[in-house]
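Colleague: Use the sequences and the hints to build the structure in full.
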Amino acid sequence: MKTDLTRETIVPFLADIFERRGGEEYLGEQVTMAEHMLQGAYFAEQSGEDEQIIVAALLHDIGHFTSEFGMFSMDDTEDRYHEEAGAKILERFFPPIVTDCVRLHVAAKRYLCAARPEYFDRLSEASIHSLNLQGGPMNTEEVAEFETNPNAKAIVKVRYLDDEGKVAGLETPPFAHFAPMVQNVVDAHCGVGASA
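Take the sequence shown: its position 141, counting from 1, is numbered 141 in this note's numbering, and each next residue is one higher.
It should be emphasised that the hints constitute simulated quantities derived from the structure, not laboratory data.
Just so it is clear, the structure is predicted and the values come from calculations on it, not from any experiment.
Among the clues, some could well be false.
[Said to hold, decoys possible] Pair by pair, the computed Cβ-Cβ distance ranges are:
no., residue 1, residue 2, range
1, GLY23, LEU123, 20 to 26 Å
2, ALA176, ARG116, 23 to 29 Å
3, THR9, ASN139, 16 to 22 Å
[Unchecked claim] Think about it this way: if two alpha-carbon atoms lie no more than 30 Å apart in a straight line, the pair counts; the simulated DSS-like pairs of lysine-lysine are:
no., residue 1, residue 2
4, LYS153, LYS88
5, LYS88, LYS157
6, LYS166, LYS88
7, LYS166, LYS153
Positions of the beta carbon are idealized from the N, C-alpha and C atoms, including for glycine.
Modeller: This is the structure we're talking about:
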């Protein structure tokens, strides 16, 4: 785990990950890892979401790069918990709404499959495979617990953006377009005089 990161270095660190590793395959989908996350942020921005939601959509899968467990593949027989790995890297620098969206975007898929059964029809083959590894749809108690999270609506919103970010060939702005926004969210959380 990276422990030497600071408020000044976290955004360049994330930009470097996108640059070096963004071209990696995304879970058997038709887009790369960077394309997937950039599309989520792009769709959030186009929908007029606030910076925290855009940043959460941009970074929701960062754990695929930071996790020592490595990348998910369609051959996996157990979950790799990329969501927890990503949240742990981000939690020192980002507000709970962002880290909850990262940490719980997998739980949101399980939640939506239970609470809105028609949601399952939106899932790609890779998402269905990972859903099975992640515990399947939530039970009644898990649904009730998820709904108590004060950021539940934002988490579900980022989950839908996650699902949308799988469009082959879609042109989006690069990470650099979103970097000032990411820094704004970091600065606001760390008590620096920037707007969130």
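Colleague: It remains to establish, for every hint, whether it holds in the given structure.
Modeller: We went through each hint and held it up to the structure:
1. Hint check: GLY23 to LEU123, Cβ distance near 24 Å, so the stated range 20 to 26 Å holds.
2. For ALA176 and ARG116, the hinted distance range of 23 to 29 Å is not satisfied, since their beta carbons lie about 36 Å from each other.
3. At about 42 Å, the beta-carbon gap between THR9 and ASN139 misses the expected band of 16 to 22 Å.
4. At most 30 Å may separate the alpha-carbon atoms for a hinted pair to count; LYS153 and LYS88 meet this at roughly 21 Å.
5. Straight-line distance between C-alpha atoms of LYS88 and LYS157 comes to about 21 Å, which keeps the hinted pair within the 30 Å bound.
6. Between LYS166 and LYS88, the direct Cα distance comes to roughly 25 Å. Compliance with the 30 Å bound is thereby established for this hinted pair.
7. Of the pairs offered as hints, the one joining LYS166 and LYS153 holds, with about 22 Å between alpha carbons and a cut-off of 30 Å not exceeded.
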